[in-house]
Amino acid sequence: MKRNLFKLAFALLVLCLPISCSEEQDFDQFDDLQVTPLLVSSIFYLESTEEFINASGTSESFYSEDVNFDAFNEQFVAERLLEGTIIFEVENTTSKNISFVVEFLDETGNILDTETFSIEPAPSGILTREVAYGPTGKSLDILVATSALRIVGSNLGDNSSTSSETDPKIIFRSAAEFLFELQ
Amino acid sequence: MRLSLSLFSFMLLGITPLLSQNKQLLYDFYEIPQSLMVNPGVKTMERWHTGVPFISGLSFQAGTSGVTVNDLFANDGIDFTTKVRERVLDAMSRRDDFSTTSQIEGFNVGFRGRNRPDDYYSFGIYGETDVIVYWPRDLAILAFEGNGGTNIGRSFDLGDLSVRGEMVNVFHFGINRKMSNTLTVGARAKLYSSIFQFQSINNSGSFVTTQGQDNIYRSTIVADMELQTAGANGIINILDEDTSTTQRDLTRLFAKRVFLGGNLGLGLDLGFSYNLNPQTTITGSILDLGFIYQSKDVKNYTLRGRAETEGITVFLPDDVNEIDNDLWQDLVDDIEESLPYGENSSGYLSFRPLKAYGSIRYDFGQGQSKNENCGCGINVVSGQNQEFYKNSVGGQLYLIKRPRGFQPALTGFYQKRLGRAFSMKTTYTVDKYSFTNVGLGLNFQAGPVNFYILGDNLLGYQNIAGSHYASLQFGFNIISWNDN
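Just so you know, the protein sequences line up as chains A and B, in that order. Quick note on numbering: this note's numbering labels position 91 of the first sequence as 91, and the sequence is numbered without any gaps. Quick note on numbering: this note's numbering labels position 52 of the second sequence as 52, and the sequence is numbered without any gaps.
In isolation and in its complexed conformation, chain A is listed as follows:
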């Protein structure tokens, strides 16, 4: 009786370990995993008082700068970017027409893409534009080759009037929403 009991227990314990079962596993499934996070970040913000715009005159732009911008062509971005959207917002509370030109430049200074914005004097609300890159928009190559942004703000009106708005300004906002493929 004792022997039988322990034979049974031993069989349960010892034999079930090496002959333990496992459902069929397919570790190749890992290759099918899709990790595609949507990352967002602000890019560039420009704010200018109307007083400064007036002081700059109308013959030339009140702001013109080539800004080195390597965020897009970082290896991580270049290799994993699936699609992206650049969001622009322009808000004008000054008394004059304002234009902005944004040029995407490669390492040698060649212009890859251009976005132009023109906004009426206040009250003109907020001009919003979303530019898509990728399968449904412009080529992703523009983004991944971009090494600098040339931003030019110009006064298309006079250089003496002042808006009746409180603290009149021109504001240029931009942000990126990028979809990456990490796996």
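Just so you know, these hints were derived from the structure itself, not from any lab. Incorrect hints may have been included.
Claimed, not checked - Label-pair ranges, simulated between beta-carbon atoms:
1) Ser139/A / Thr436/B: 54 to 60 Å
2) Gly137/A / Gln247/B: 51 to 57 Å
3) Asp26/A / Arg95/B: 27 to 33 Å
4) Gly149/B / Asp66/A: 31 to 37 Å
5) Arg85/B / Ile111/A: 37 to 43 Å
6) Pro135/A / Gly149/B: 15 to 21 Å
7) Asn110/A / Leu89/B: 41 to 47 Å
8) Leu89/B / Ser161/A: 52 to 58 Å
9) Asp32/A / Ser295/B: 43 to 49 Å
Claimed, not checked - Computed list of chain A residues with no C-beta within reach of chain B, every gap over 10 Å:
10) Phe76
11) Glu79
12) Ser95
13) Asn97
14) Asn110
15) Thr114
16) Val131
17) Ala145
18) Asn159
19) Ser160
20) Ser164
21) Asp167
No residue lacks a Cβ here, since even glycine has one placed at the ideal position from N, Cα and C.
With the hints as your guide, set chain B onto chain A.
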């Protein structure tokens, strides 16, 4: 890459029968000499014992409180990304963990004092590897979903990152003393020789993207994070060299650290057994009340600070004189200055995972005196507690100190003894890993040769890939029960 990932998954999720640290089958199984290692105050019956070197005590344990290998990799036709989302990202919390522990005894020897037969001395060496990784929930969601879309405004908790692991060799010496017919107490001193240790357990901080104050978005990161490592750098350097002497160098380094050439620490185990009445016994123990001072081969990594960004910002006329086309690099530099990444080699204390056991046992089914041939001195004295009972039932409580607090396990058990030759213990354990953990332990005594095997969560072996917990312990000893 695929192979290493699969191997990692196997190790992490428990295809190999590695174990978490609860040894509920071994606890108070006093026919097995190794029960002294989980309660230095357990009742001892032997005159002396010696473990067969390197095979006297092997234990492997692994647990996952969340997803199992089968949950993810079963060939069930479900899209893998969907399984990851539903069974990992949506289902697992920051309190879920993956843990493994393994122990190998180098040797284990015990003997009863010639002049003090009430005392049973034991000593030996064992190596232990212990790793616990908490599921970094928010960081995983950030990696999977990003900070855009519906996650705008969501604060990702950087404190979700919590990991600790170590490999340590332990030299120990214990004294077990029968104070009276009803009380046995014990203590074990330990000297830890660390081979490597790493921990990142007190992290805090957050990452959040919100609507910007000026620009469209504002991203804010607040971090107080640290990864402490000791002993890892030397191993990594040898592996990186990848020369013909790599294996030899690695062996030499391990051998040196195993035998007190690495970071050292001290520890203590305490325990007792007390007979409330002839058939009822309560026991308790505290294990690894100790620390290691990590001072050699230390490399720590820190990320502390606060940074906010709304991208490149230009305010006119204030910034009109800043004619600088490297505004992007300036922005990166500002963030790095506000949130500096640092490395240092400051020593630190690492605490061993503290464990505590408690139990109550009721013996019944009186049989023959187990000690009639026992030459162990103290136990040959007839007394009401020396009777041999065939059966025992009881309950055990187990607690282990983990980085996120004490982790309990509750066990009910039944033990059957059939003479000295066989004894058997079955357990049912409830803990965070499983509600269906049924274990079975067997102890065989053939003359002086003792063999034991303890297997946990046997129901899990029906589909080991789907098991949340697996454990196996076994070993051989030579035991002397008599004066010869």
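Hint-by-hint comparison with the structure:
1. Judged by the Cβ atoms, the range 54 to 60 Å given for Ser139/A and Thr436/B holds: they are separated by roughly 56 Å.
2. Take Gly137/A and Gln247/B: their Cβ atoms lie about 54 Å apart, and the range 51 to 57 Å holds.
3. A hinted range of 27 to 33 Å holds for the C-beta pair Asp26/A and Arg95/B, which are about 29 Å apart.
4. A hinted range of 31 to 37 Å holds for the C-beta pair Gly149/B and Asp66/A, which are about 32 Å apart.
5. Separation of Arg85/B from Ile111/A is about 42 Å and conforms to the stated range, judged on CB atoms against 37 to 43 Å.
6. Under the hint 15 to 21 Å, the C-beta atoms of Pro135/A and Gly149/B, about 18 Å apart, fit the expected range.
7. Restraint check, Asn110/A to Leu89/B: a C-beta distance of roughly 43 Å satisfies the suggested window 41 to 47 Å.
8. Between Leu89/B and Ser161/A the beta carbon distance is about 56 Å. The supplied range of 52 to 58 Å therefore holds.
9. Against the hinted window of 43 to 49 Å, the Cβ-Cβ separation of Asp32/A and Ser295/B comes to about 47 Å, which satisfies the hint.
10. For Phe76/A, the condition that its CB be more than 10 Å from all CB atoms of chain B holds, with the nearest at approximately 13 Å.
11. Under the 10 Å C-beta cut-off, the non-interface status given to Glu79/A relative to chain B holds; the minimum distance is some 16 Å.
12. Ser95/A, annotated as away from the interface, keeps every beta carbon of chain B farther than 10 Å; the closest lies near 17 Å.
13. Distance to chain B confirms Asn97/A as a non-interface residue, since its nearest Cβ pair spans about 18 Å, more than 10 Å.
14. Once the 10 Å rule is applied to beta carbons, Asn110/A is consistent with being away from chain B; the minimum gap is 16 Å.
15. Every CB of chain B lies more than 10 Å from the CB of Thr114/A, the least distance being 18 Å, so the non-interface label holds.
16. With a least beta-carbon separation of about 14 Å from chain B, Val131/A lies farther than 10 Å from that chain, consistent with its non-interface assignment.
17. For Ala145/A, the requirement that its beta carbon stay farther than 10 Å from each beta carbon of chain B is met, with the minimum near 16 Å.
18. Consistency note on Asn159/A: stated as away from chain B, and its beta-carbon is indeed over 10 Å from all of that chain's, at 15 Å minimum.
19. Against the 10 Å criterion, Ser160/A stays outside the reach of chain B, whose nearest CB is about 17 Å from its own CB.
20. The Cβ of Ser164/A sits about 21 Å from the closest Cβ of chain B, beyond the 10 Å cut-off, so the non-interface label holds.
21. Here Asp167/A stays apart from chain B, with its beta-carbon at least about 13 Å from theirs, past the 10 Å limit.
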